[in-house]
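Heads up, the sequence shown is in our numbering, so the first residue is 30 and it goes up one at a time.
Keep in mind that the hints were calculated from the coordinates and are not lab data.
A quick note: this is a predicted structure, and the numbers were derived from the prediction, not measured.
One thing to keep in mind: the hints can contain errors.
[Claimed, not checked] Pairs of lysine to aspartate or glutamate residues, derived as EDC-like cross-links and limited to a Cα-Cα distance of at most 16 Å, are as follows: (1) K203 x E123; (2) K203 x D146; (3) K203 x D147; (4) K203 x E139; (5) K203 x D109.
[What the hints assert, rightly or not] Here are the simulated distance ranges between beta carbons: (6) R69 x D46: 35 to 41 Å; (7) A62 x V198: 41 to 47 Å; (8) A80 x D109: 20 to 26 Å; (9) L75 x A39: 30 to 36 Å; (10) V59 x A197: 33 to 39 Å; (11) G140 x V59: 14 to 20 Å; (12) Y84 x A185: 31 to 37 Å; (13) E72 x A185: 32 to 38 Å; (14) M170 x A80: 21 to 27 Å; (15) L193 x V76: 42 to 48 Å; (16) P79 x M170: 16 to 22 Å.
Just so you know, even glycine gets a beta-carbon here, dropped at the ideal spot from N, CA and C.
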Amino acid sequence: AVAADITTDAGRRSVADAAAHRHAALDVVVHAAGALGPVRTEESRLVNYPADEWYRVFEVNVSAVHFLHQLLAPLLDGSDAPTVIGVSSSVGREGRAEWGMYAVSKFALEGWLEILDDEWDGRVYSVNPGGTATPMRAAAMPEEDPSTLPTAADIAPLFLHLALETPAVPSGSKLLARDWIGRDPFGPPPS
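Input sequences plus hints: build the corresponding full structure.
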């Protein structure tokens, strides 16, 4: 693992260089880094959203994904079955008041994934994990009991399925990870 600030050129290059040093090709890249910014407050309404947070959230959730992908593309192109998975959100598929730049950035990520799917020969997927017991979810929904939510391990079967050389899900699909909880990642997709 490489710890890096992917909002910087140096950070992105350290990730790409480490990957190239360890692997001749990459089969799968999961773009999962994310910044939340203010949500569910008066400050998070679009007319009140602070400029510094606006730029920071967009930088992490969209720009860093794009520029890191540019550096990793040659390694992906070296794979027989390259796959890119972008971690999105329900608020990136349907706007919701007071979710500010987080929602806007996830809409942008969805669009970026659609264009990548059109332009590239590899497989591209958008995954909405749904409410999952993570620190980001706790920050967004502090009143929620995290023990009632699926964990990252619970939603992993979808990511494993998409990483298969021949997944049963067509490229360009927008998926909900919760549909895969408890499923065999090597089995058929939910109907």
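Verification of the hints:
Our distance criterion of 16 Å between C-alpha atoms is met by K203 and E123, whose separation comes to about 13 Å. Pair hint K203 plus D146 holds up; C-alpha atoms about 12 Å apart against a cutoff of 16 Å. For the given pair, K203 sits about 14 Å from D147 by alpha-carbon distance, which is consistent with the 16 Å threshold. With a C-alpha separation of about 9 Å, the suggested pair K203 and E139 falls inside the 16 Å cut-off, and the hint holds.
Restraint check for K203 and D109: the C-alpha separation of about 23 Å exceeds 16 Å, so the hint is violated. Look at R69 against D46: about 39 Å separates their beta carbons, and that is inside 35 to 41 Å. At about 23 Å, the CB distance of A62 to V198 disagrees with the hint of 41 to 47 Å. For the pair A80 and D109, the supplied restraint of 20 to 26 Å is violated, since their beta-carbon distance comes to about 45 Å.
As the Cβ distance of L75 to A39 is approximately 32 Å, the hint placing it in 30 to 36 Å holds. As the Cβ distance of V59 to A197 is approximately 19 Å, the hint placing it in 33 to 39 Å is violated. Between G140 and V59 the beta carbon distance is about 18 Å. The supplied range of 14 to 20 Å therefore holds. The beta-carbon spacing between Y84 and A185, approximately 32 Å, falls within the hinted interval of 31 to 37 Å.
Against the hinted window of 32 to 38 Å, the Cβ-Cβ separation of E72 and A185 comes to about 34 Å, which satisfies the hint. A hinted range of 21 to 27 Å for the beta carbons of M170 and A80 is consistent with their spacing of about 25 Å. Taking 42 to 48 Å as the suggested C-beta distance range, the pair L193 and V76 conforms, at roughly 45 Å. At about 21 Å, the beta-carbon gap between P79 and M170 stays in the expected band of 16 to 22 Å.
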